[in-house]
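These protein sequence lines are chains W and H, in that order.
The numbering used here numbers the first residue of the first sequence as 587 and each following residue consecutively.
The numbering used here numbers the first residue of the second sequence as 315 and each following residue consecutively.
Rather than coming from a laboratory, the hints here were simulated on the basis of the structure.
All of these numbers come straight from a predicted model, not from anything done at the bench.
Check the hints yourself; a few may be wrong.
One side only, chain W facing chain H, incomplete, derived with CB under 7 Å [said to hold, decoys possible]:
| # | residue |
| --- | --- |
| 1 | Ala654 |
| 2 | Ala658 |
| 3 | Asn659 |
| 4 | Asp901 |
| 5 | Ala902 |
| 6 | Ser903 |
| 7 | Pro915 |
| 8 | Leu917 |
| 9 | Ala919 |
| 10 | Ala920 |
| 11 | Gly925 |
| 12 | Asp927 |
| 13 | Ala934 |
| 14 | Val937 |
| 15 | Leu939 |
| 16 | Asp959 |
Label pairs and their calculated CB-CB ranges [to be verified]:
| # | chain 1 | residue 1 | chain 2 | residue 2 | range |
| --- | --- | --- | --- | --- | --- |
| 17 | H | Glu583 | W | Gly711 | 36 to 44 Å |
| 18 | H | Glu392 | W | Pro603 | 56 to 64 Å |
| 19 | W | Gln966 | H | Ala591 | 27 to 35 Å |
| 20 | H | Ala560 | W | Lys943 | 34 to 42 Å |
A short, non-exhaustive set of chain H residues, derived as facing chain W with CB atoms under 7 Å [claimed, not checked]:
| # | residue |
| --- | --- |
| 21 | Gly330 |
| 22 | Tyr380 |
| 23 | Glu509 |
| 24 | Pro540 |
| 25 | Leu542 |
| 26 | Thr549 |
| 27 | Ala552 |
| 28 | Gly553 |
| 29 | Ala555 |
| 30 | Gln562 |
| 31 | Arg564 |
| 32 | Ala567 |
| 33 | Leu568 |
| 34 | Val605 |
| 35 | Ile607 |
Note that the Cβ used here is the ideal one computed from N, Cα and C, for glycine as well.
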Amino acid sequence: MSTTPAFTVPPLVAGKPPSDLFKRILRDKRVVVACGSGGVGKTTTSAALGLFAALAGKRVLVLTIDPARRLANALGLEEFGNSARAVSLAELGFEPQPGGSLSAMMLDMKQTFDDMVADYAAHPGDLERIRQNRLYRSMSQALAGIQEYMAVAKLYTVLQTNAYDLIVLDTPPTSHALDFLDAPRRFVDFLDHDALQWLLKSTATAGKLSFRLLDVGSSYMMKTIGRLSGVDILREIGEFVSSFYPLFLGFKDRSDKIAQLLVSRDLGFVVVSAPTQPQIDEALFFHRKLLHEGLRALSVLVNRLHRALPEDAVDASATTALQTLLGDPALAAAAMQAGADHNALVTAEQVELRRLKGEVEVHAPVCGVYELDEDVHSLQGLFAMGEQIFLRDDR
Amino acid sequence: MERLFDTRVRIVTGKGGVGKSLVALSLAIVAARRGKRVLFLETNPPESVTRFLGKPKLDGEPRLVYENLWMAGLIPSEAIREYALMTLKFKALYNAVFENRIVRYFLRAVPSLSEFVLLGKLWFHEGERSGDAPKYDLIVVDAPATGHLISWLRVPHVFDEMMPTGPLKKSARDMLDMLLDPKRTKLDIVTVPEEMPVNEAIEIAHAAMQHRLATRGLTFINRILPPLPDALVATLHAGLAGADGATQKRFAALERTVATREHWRQLGEEYLQRLPAADLKRAIRLAKRAVPIADEAAVMALAAELEAQL
Ligand SMILES: Nc1ncnc2c1ncn2[C@@H]1O[C@H](COP(=O)(O)OP(=O)(O)OP(=O)(O)O)[C@@H](O)[C@H]1O
Ligand SMILES: Nc1ncnc2c1ncn2[C@@H]1O[C@H](COP(=O)(O)OP(=O)(O)O)[C@@H](O)[C@H]1O
Ligand SMILES: [Mg+2]
Ligand SMILES: [Mg+2]
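I would like the entire structure built from these sequences, with the hints used as guidance.
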């Protein structure tokens, strides 16, 4: 791990110094994980952080999962493929600090899983047998937490290359953000469980396909399971487990390392949320989970806030003013209604924001991000969003 | 559209957070109001829709919540237990097998099994009878989101292919009979006018056909921003351009709000254009409320809006 030389963070744009959050990331972190429930802006935030860190002179990789198409286009990510693409910053109109560069990679879960299977399979024959196994075929997709696990597994591989100063990891759109944190551990637990060890041991000693499950096929318990399921499924499970033996060991090794990585000081979490009740609930839940694990969020972002309209644009006197302005009472009424709806939304958002701050702020800064006038589909858009998070507004 | 409620089972899905639960609940409320005996089944009880209604959380046992409307949660651990008891017949045998450490471990590790028994539970309720008639005329399932739904409904296919014989295979066949019969089951898709939810709606529609999950039913487009009068944005802009400085300052933010709202609305409509190409034509549109739906009155209003379009 290279040590970062002492540095001063350059002011990125005239008059706007970096925010404390940004300084901290640049100084201490090699990995930042953006997490939160689906649709709140994790992918966009990850890309915005990548952009700003690159502008500040870091070699950055954004490892993303599911960019909206217009954002993917902006990053030059038309396809999956598990390979990093350099993102040209030319269109922004100003140069990054020396050494700064931005790359992006779109993660292909299935490919990562298959790569890992190939890495760990002892013999080519094993590999083929695993791939043909019906259980594997249905399981490689259904296995709980597999997506989350793949994301961190890929992160681990990329880290090993030392090609980047900072990696920003976008996480899969789980409805439960904490699945992500639990995934590697669930894997380790699964692999460590004595039931599996019991099976594997008997598998390893008894040689191919003749293992305890079948040996004890006559036992009371197995007979009953057989009655429930039909016998072939038992054979397939056995075959699966026996072919997977070296793989399991490899997975376990990597899961342990990944679990260590998640708690390391080089890594920080940014929790992304939206100012609506279910999303704030999720963010609170995730934040508690982090604390419980002895981890700390670098920040909790509340994305897509709206600004209240000034009082005199929505009060009673505004109706007459608008009627004069628009020359049509129906249009004036519609404008008034739109204004009232908007302010009702802002009020509801502020209630949620306060609820979040009340619990979180003693532990981590809460940062509000206003919704832009357009969805984010260009470097300019990313800049406008990132500016709110990574630069200090000293007005 | 009255036929809507002649289907025995409606499975309601969509991307996370689009309003699946609320749409499913509204459907159930409308049907119950029209005199159907309805069972609302929820697949993720921790976030029960009962929070919207100010009622306690659901458990596995159907509970009468409104006239003609029963509600229950589909809970994996309960369902596994019931299924095993049904198949094994004896409680002692169940305890011997299912309370076994190793067996429990493998049951947990194979996620498909709990999904399988949840479908079994749905199938059971569909077949429940009281006297000569089915106990419920209609079952509305508040189903998991896209990815999970697809693997859920594929499970009986997997079991059917994998098992040579035995009770699991028979159950899988029964489930497939129910799911693939358009008179018995329909898959309703909920989306909102945003890019990812629309893409996911299309993804489900394809998956439903490609993997033979179930026959597609209705499309619901939730959270539609009510359009502003056509002339508003332009007239406001023109009016302010000719106004004095104080008026401009007073209404500048309102003008921007109105313009931005139109922008997002139009962008949303653009995304929705992709739906017909994916054969998602007949859609029920539900307006976005100024504030999130959070109480019984707001739920009832959504149900009324839905009913008006049937
Ligand atoms: N038409 C609407 N207008 C305003 N708010 C809405 C509307 N529809 C849904 N909501 C809000 O969106 C949120 C999500 O709704 P709901 O719980 O039904 O979604 P879901 O798809 O079931 O989510 P999950 O995937 O988490 O189960 C709720 O807080 C609800 O208040
Ligand atoms: N602050 C914002 N202003 C405007 N649009 C935003 C903002 N944040 C996110 N978006 C838009 O919201 C959509 C979802 O964002 P995304 O980052 O893909 O969410 P997630 O990764 O959490 O699912 C995208 O179309 C994005 O452009
Ligand atoms: Mg994303
Ligand atoms: Mg729901």
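Could you tell me which of the numbered hints above are not met by this structure, giving the numbers in increasing order? 2, 3, 4, 5, 6, 7, 9, 14, 15, 17, 22, 24, 27, 29, 30, 35
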